[in-house]
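Position chain X against the provided structure of chain S, taking the given hints into account.
In the order they appear, the protein sequences are chains S and X.
Be aware that the first sequence starts at 3, since it is given in the working numbering, and climbs by one per residue.
Be aware that the second sequence starts at 600, since it is given in the working numbering, and climbs by one per residue.
Rather than coming from a laboratory, the hints here were simulated on the basis of the structure.
You may find that some hints are simply not true.
What the hints assert, rightly or not - Cβ-to-Cβ under 10 Å is the rule here; a few derived chain X residues that face chain S:
1. Asp-632
2. Tyr-639
3. Ile-660
Remember, predicted model here, so these are calculated numbers, not experimental data.
Ideal placement from N, C-alpha and C gives every residue a C-beta, glycine not left out.
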Amino acid sequence: MAQTLKPAHFHILLALADADSHGYAIMQTVREQSGGRVPLQTGSFYRHLTMLIDQGLVAEAPTPKQVDDSRRGTHYRLTPLGRRALEAERQYLTGLVTALGQLGPSTRRSR
Amino acid sequence: MMATVEAPEWADTCYGMLLRVYPEAYRRRFAADMRRTFLYDLARVKARGGVAVLAFWIVTIAQAFWFGSAERRASSAGGPVFEPPGRPKMRLSLVGDVRYALRLLRRSPVFTLTAVLSLALGLAGSTVIFGLADALLFKAGPGIVDADRLVEIGRTTGGEGFDNTSAPVVRYLAAHTTTLERIAGTTFDPTPISLGAADGSERVFGQLVSAGYFEVLGVRPALGRFFHADEDRSADSHPVTVLTHRFWQERFGGDREIIGRTIRLNNTTFDVVGVAEAEFEGSTLIGTDLWVPIAMVGPIRGERGAVLLDSARAVWHTAVGRLKPGVSREVAAAELNALLETFRGDHPELPASHGIAVAPLGRVPAPVRLPFTAFIGVLFALTVGLLAVACSNVGGMLLARATARRREIATRLAVGASRGQIIAQLVTETVVLFLLSVVVAVPLAIWLMSLLQAALPALPVPLQLTLAMDLRSLAFVAGTAFVTGVIFGVVPARHVFRSDLSSALYGQSGTSTRQRLRVRHGLVVVQVALSLTMIITAALFVRTLLAAGTINPGFNVDRVDVVVLNTTLVRAEGQNGIALIDRVLERMRAIPGVEAIGYSRMIPLQGGGMGLGGVRIPEASETALQLLNDADWNTVSPDYFSVLEIPIVEGRAFSAADRDGQPLVAIVNETFARAAWPGESAVGRQFWQTDGGQDQGRPLQVVGVARDAKYRMVSEAQQPFIYVPAAQQPEAEFSVFIKHAEGRRPGNELRRAVAQVEPGLPVLLMQSLEDATAIGLAPQKIAAAVAGGVGVIGVLLAALGIYGLMAFVVAQRSREIALRMALGATIGQVRSMIHAQAARLALVGAVLGLAAAAGIGTVVQRLSLLIDVRAIDPVSFVGLSIALALVLFVASDVPARRAARTNPAATLKAE
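Chain S on its own, in the form it takes in the complex:
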């Protein structure tokens, strides 16, 4: 499977891979994971999130009953389809990295 996910979508899925989470936490994780290369603000983040929901990769999760999180609103989780999309992306990227590794140091010299 070739790369199909946008960077923002990939990072959102990645942020949900370990645990369900709510909007702001996902947004912050994406920012940290990508080192700021994926610029997200509330408007664009929810745009991406609704696309992922529409594509069936992410779904609303039942909100845990912890006091701390009750203020944070809806939780989201990866759907099985989402998890598969992420895995496919992982394989694709690993393949790329391996291919680049075989290329050797000549690329560095040409910079």
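Below, chain X without anything else, positioned relative to chain S:
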């Protein structure tokens, strides 16, 4: 700056409103979460400062519009948004919208040009004042670290005010405070100092500061080090100095070997121990060339240093301090006042009324910050007013265009465009218009800033104020344009949808014309009101300047230069100082073109006065004495009156015979004479000069009465005044007045004359008396220029607005007008009908404008900025109302005449 002050609720409400761009189903599902996320994010961004917050808001607003309208598209299409891989559709639509907007603007060049120009003027004006306010009130000086924990510490009198305090008090507070990390004394105004050189001396400025001064501010040395505590211990400490980076570069060519070298300041040798980091020249907007420890006040100020260092009554400097984290100013002030009470126990000489004031550190010194802020506030209000006029003008035009385009919009809706798409496109058009005006506004603002900078009065001290188009001003102008653009784009768009569009498709005018007209009426009323306010404000200042020009200050400033010298800087005090100055005068008289020379301690109209004690007159009434005790004094040379052309109306002027050892004499002014000895001659009378205490004082004999003059400022009422001979009551500082023949101004020969007599004696100031006395009117000049400029533009825009509206009304009412004419209305009746409609709007606007002008007038009067002009000045208020009425009449007469030209038959047939 503005964006950081809003409360979270405010931001929340705003964002909630923004979210209304999204379709309702989407809002129900995500709005609550989005608001939460937004607020968390806003809190995070706030920590990064004003520019970041502004950028954040811009991105947020933009995203809400683009994504919101995209969701609307999706929901009206009845399914998820179709996303072709690679390139998102919504970006395509933004580019398309912008392209379409540009094409439309190109197609109506007159509209575009007028709108862009008027918006650019409003934006540029408010950006300049924003830059000024930012530089003066908000930005910490360069080099200062964590400015929000820094405070200025001064003295209150009777619990109020902010003034100099004394060296022992500052030392005591610094030693005992627990709420502040550190306190360091500092003088507010730099002292002129003579820097000795091989070929005479030059004047430099130095600031006296405590040893810990730089550490309090967090400034670092570029070279060497700052002061050690033992260099600021007593008058006997080893003299050291730190240079500013600029002075080091300019005067010593950036020579790194400067550290350890010595320089001669006021004939005392100082070791250069350090150079401060680049740009730093103290915390206020008045710069300096170098710093010396406060303990060196003796050699620097030429006064008796020990007294200044050790007397709690000698109040001559303030202090800066750094609060410990988490400590508020109020807590610190309470602690310092408690410490002062303890201090008072050992120092009963400390006046009981003295307290401690703690103010935030600012570039404008705390004592004058409030009037200063109010003044900037008035200027800012004026320029924002202009921006509002420009915006409402453009708003009116956009509404008219939206109406004209109803058919186009209806067609687009009919062929499947969503409301979101239409709104996004209309808003894009307006925002593009506003951003175009930013492109024009930025160079305009830079130009205006350079004008303003050039208009600043020539001050005798280095001013640390650079007006420049920096990132913050740029963010301000872009942010303001964007936000106003979105607002003024949304309003017409809403109106388009409120009307019945299906009728538009069939060429009928909609039913909601009335409502749209009401908005445009409101916009025109705003324009009339604001422009009237601005021109009246301008008139108040212009009339003040005119009044100030016609006020006779009571002395002559023509062809007079003033040179300020301080003889104690070369260790000549008392009669030795007088003798030295007499030798300087002798040399100056020999300069060709010099006609007459005199001197005094004080220069008139500098805003300040000098007291030499109280007044006791046994025969005067109690109320008269109260007035007379407030009299200002001046010590003058015999020729002072003739050089400044102050007439002696009775008795005689001083003569060389009124010298030390002779009977003490005085000359009083008319007001003094009238109050002390009403109805009688003052000449030959005696009064006693007291030191304010219990003793008798010493008798002074009045030998003459001088004509009343203005002493502190031109706007003052007549004040009592006392002149005494300088030779009998010598002071350390001399202001020498040199009158020259027409066209033969001496210039640097004066400097040379001083150096020939005493090479070490620095010329502290050399200026024409006209310039020296004009400084007091600088605020009025700036205000008159700003208010006048924005006022005239505002009036033109208001005229344009009323013209546009009436032209629109005439077009809308063409059928009604034709009917009326068919039924026998005369041309005159039709014309006056249109005029009456315009007049009603103008009247409402004028009433609001007059009320606002009265408010501004009252504020500037409170700030003592008006001279001989009342806050509600009938001439300005009535005169300009009439002038504005005339302009508006002409503007609405063009459409009125067009209405009167209506051909009833043709019009009715066409309908």
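Evaluated hints:
1. Asp-632: With a closest approach of 4 Å, the Asp-632 of chain X hint holds.
2. Tyr-639: 5 Å, holds
3. Ile-660: 9 Å, holds
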